[in-house]
Amino acid sequence: MKNRVLVLLVSLFTIGALAQSGGELHFCLRSEPKTFNPLLAADDASETVRYLTGGVLVRVNRLTQDLEPGLATAWKVSDGGRTITFQVREGLHFSDGTPFTTDDVAYTIQQLMDPAMHSPTGDSFRSAEGKVETKVLPKNRISITFPAPIAGLDRLFDQVAIMSSKSPQKEMAVLGPYYVWENKAGAYLELKRNPNYWEKDSSGRPLPYIESVKLDIQQNRDIEMLRLQRGEIHFINSLDAEYFDKVASQDPSMAHDAGASLDSEEVWFNQVPNSPLPAYKKAWFTSTNFRRAISEAVNREDMARIAFRGHARPAIGPVSPANKFWFNAKLQPHPFDQKAALQLLTQDGFHLTDGALRDHEGHPVEFSIITNAGNKYRERMATMIQQDLAGVGVKVNVVTLDFPSLIERITSSFNYEACLLGLVNDELDPNAQMNIWLSSSDTHQWNPSQKTPATAWEAEIDKLMRAQAATLDPKKRKEAYDRVQEIAWQQEPFIYLVNKNALSAVSSSLHNAHPVVLRPQVYWNIDQLSLTSEVAGNR
Amino acid sequence: MKWARATAIAFLLLVSAACLLANFIAPASYAHQFRELPNAAPSRQHWLGTDDLGRDRFSRVLYGTRVSLLLAPAAALLSSLLAALIGGVAGFAGGWLERCVMAGTDLFLSLPWLFLLITVRSLLPLNASPLVSVLITFALLGCLGWAGAARVICADTRVLAQSDFVLLARASGSSGFRLLWRHLMPNLKPILFAQFWISVPVFILTEANLGILGLGVAEPMPSWGSLLRELESFSTTPNPSWQLVPLVLFILVVSSFHLVLTKEELPV
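Which chain is which? The protein sequence lines are Z and V, in order.
According to this note's numbering, the first sequence holds residues 4 to 542 in order.
According to this note's numbering, the second sequence holds residues 249 to 516 in order.
Note that these hints are calculated values from the structure, not bench results.
One or more hints might be untrue.
[To be verified] Here are the computed lysine to any residue pairs in the SDA-like style, where the Cα-Cα straight-line distance is at most 25 Å:
1. Z:Lys284 - Z:His366
2. Z:Lys379 - V:Val263
3. Z:Lys379 - V:Ala322
4. Z:Lys379 - V:Leu436
5. Z:Lys379 - V:Pro486
6. Z:Lys142 - Z:Leu229
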C-alpha cells in the first residue's frame, strides 16, 4: 500500500511536465446545489461546488489522509486544543481580484459560528457554549480560540472555505481553483478557472490545468452511464455495484475500485427500555450473547459477494480499514459460525425445538427487521439475514418502510425490533462519531438519550470518547478509540455487516485521476487533473 | 372475436391451474437462495435461471402468479360488494342520504390512493408474516377501491328505482330491503360483474406498483410486484432477458382479463 501511495505521489509530481492545459471537464451532479454559500453546504451538490471553488486554510490529502497546507502555510494548535493559530499566505486574491487577508478568515469564522447562520459545518466546531474569539496578529497570522478544547481541530478546517469580507460578490468570490461562471437552474453549472488561484505545479505552471468544468444536472443513472460511454462526460464519481460491473465489462480500464470505503451497513436491535416491545424480547435484545450469536449466524462474506457483487468487504467494527490511522488492526471480522452461535444462545437458555429456537420461557424467537423501501442492497441483505438466521431456528420478518415512517419508528415511537441501515462517513476523526457513541446522545441509536449509561460498557465508552476528545496527544486518542472499537466488537450494539467499496468510472481522456476512498473520490486533486490534447482541443 | 375470448379464458385457466399446482410443479422453494448461483442463466435445474439472490425464478413466477391471481379477484370481490352496498343503498334511498353518501364517495375518490396505501401499510404490525402481509395488502386494496364503482351503481340504482317494474312492486306491497334485494339487485348484476372484472387488473397493477416501491408483499414471498422490481436492474444484469418473463406473463394476464370483459356475451 505504501508503495502504491509513493508511485501515485511521484506521478502527481511528474504530471506537471506532461499535463495538457485547457479543455472543459464534464461530469454530472444528481441534483442542483441548494446553496453557493460554502458555510451552508449540506447536500452533495453544494459540497461538490464548495470543494471545486472553495479555498481552505488546510486540506486533507485524500490519498495520504494527511493534512497539507492550503491558504495557510503553517498552523499550531495550543491551549489544550482550544486555540489554533494560522500563518496565512501573503499576496493572494479572490477570484474577483479582492485581496485576501486575515480579516477574511476572521469574517468567515464569525459567520461560521453565528447561531443565526445554522451552518452545518459550524456544528463540528461547537464543543461548548460560549463565544469564539478571533485575533488578527501581525505578520499575516490569526488565532482562533474556542470556548472548549476540540480534538482534531486542525482537520476540521478542511471543510471551511474562506469567504471575502469585502468583495461585492460575497460568497461568489472564491479562493479555490474554480469559480462559478454560469448557473442554469436545473440544467447545468459552469465553473471557470480562477485566474487568481495561488497554487502552481512543480514546474511553476499555474494550476488548475483544465480551463472550465461543466456540471450537468442528471438524476437518471442510465443516462449518465450512456453519456460516459459516448464520451460526453469524463467520469462518474460514485457508482453502485451493478453499474460498476457494467462499466468493467465494457471497458475495464474505465472501472476503478478503490477498495473498502468508510461507509458501513449495519443492523441494530432496539434496546430502549420504554419501547412498546414485550419484556421477553427486550431481554433478548439487551443480551450480549444474543446479539453476538445473531452476528455470528450471519454470513457477511456471502453478503459482500452476492448483495454487492463482490464490491464490499465484511465489516469488522465501527471504523473501516480504509481509515488508516484510526482503524484498530487487532480486530478481526466476526466469523460465520452457526454452531458457535447456537452455543452462545444455549448459554442464555435458548433451545432448538423442531427447528425453531425458543427462549427459556418457551417463546419462539421471531423478530422483524425494518429497512427503507427502495434500497435494493439493504433489501437483499435483509433477505439474506432471513435465510441465514433460519439456520439457527430464528424467524425473521423483513419489513420495508418508506423513509419518514422508518425514521419515526427509530427516533420517536421506538416501535421496532431491529433496523438495518447504513452509516455514511465523511470524517476520519472519531470526534465525528461522538454523537453515535455517547449514551446521552439522541443518535445513540440502539438506546438514545440515556440520563445515565444503561450498561457498564456504555459508561466505559462514554468515558473513553470524552477522554479522546479532551487530549491532543494522537497516541492517547488512538489508545482510547481502539478500546472503544474493542468494546463495540465485543458487545455489538451495532452488528456491522459490510463496508461498501468506493467505485467510480473514469474516462481514459482524463489524466492523473487516481480515485480514492475518501470523498470526492475522483476529483480530489481537481487542480492537477488534465484532459488529453485531443479532448482539450476539441472542447 | 369469439376465438380471442376463448383463447383468453383458456390462457387464464392454464395460468391459474399452473399456479395452483405450484407446490408440485415448482423445482425449488421460492425462498431458497442458491448462493453459488446468483443471476444464473436458464439451466436444467433452473428453467428460467435465478434472481440476484440465487432464487429459482420459475418457482418464484409460479408462486408470485398464484398470489396476485388469487388475491386480486378476492380484493375485487370485496370492493364490488362494498360498492354494491354503499352505492345501492344511496341510490335506492335518494334524497339527503344519497347526497351525503355521494359527497363522502367524492371525498374518498379525491384521496391520493398510493399515499394512503403507503401510510396505512406503514401502520401495520411489523411482525406480520409474509402471508399475513399479502392478505393485508390485498384487503387494503379491496377496502379502498370501492368508491368509483359505488358512484356507477348509485346512478344505476336511481334509474332502476324510478322504473315501472319497481313501481309495480311497490304497488303490490314490496318495500325496503325486500325491494332492494329481490327487485333491484338482480338488475344490478351486470354492472356489478363489469365493475368486478375491471377491478381485477387494476388491483394487480396497484399491487405491482406497491411492490415496485418495495411496499407490497413482504420478502421472501413473491408477487408480480416484487418480480417486476427485478427489472430495475435490467440494464446491469448478466442474463436480463429472463427477467422479462414475469412482465410478459403480467401483460398477457391483464390483457386476457380485458378480452374476457369486452366480449358481447358478458353481462355488461
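Cross-check of the supplied hints:
no., hint, result
1, Z:Lys284 - Z:His366, "holds (9 Å)"
2, Z:Lys379 - V:Val263, "violated (29 Å)"
3, Z:Lys379 - V:Ala322, "violated (30 Å)"
4, Z:Lys379 - V:Leu436, "violated (46 Å)"
5, Z:Lys379 - V:Pro486, "holds (17 Å)"
6, Z:Lys142 - Z:Leu229, "violated (53 Å)"
Violated hints, listed in ascending order, are 2, 3, 4, 6; each of the other numbered hints is respected by the structure.
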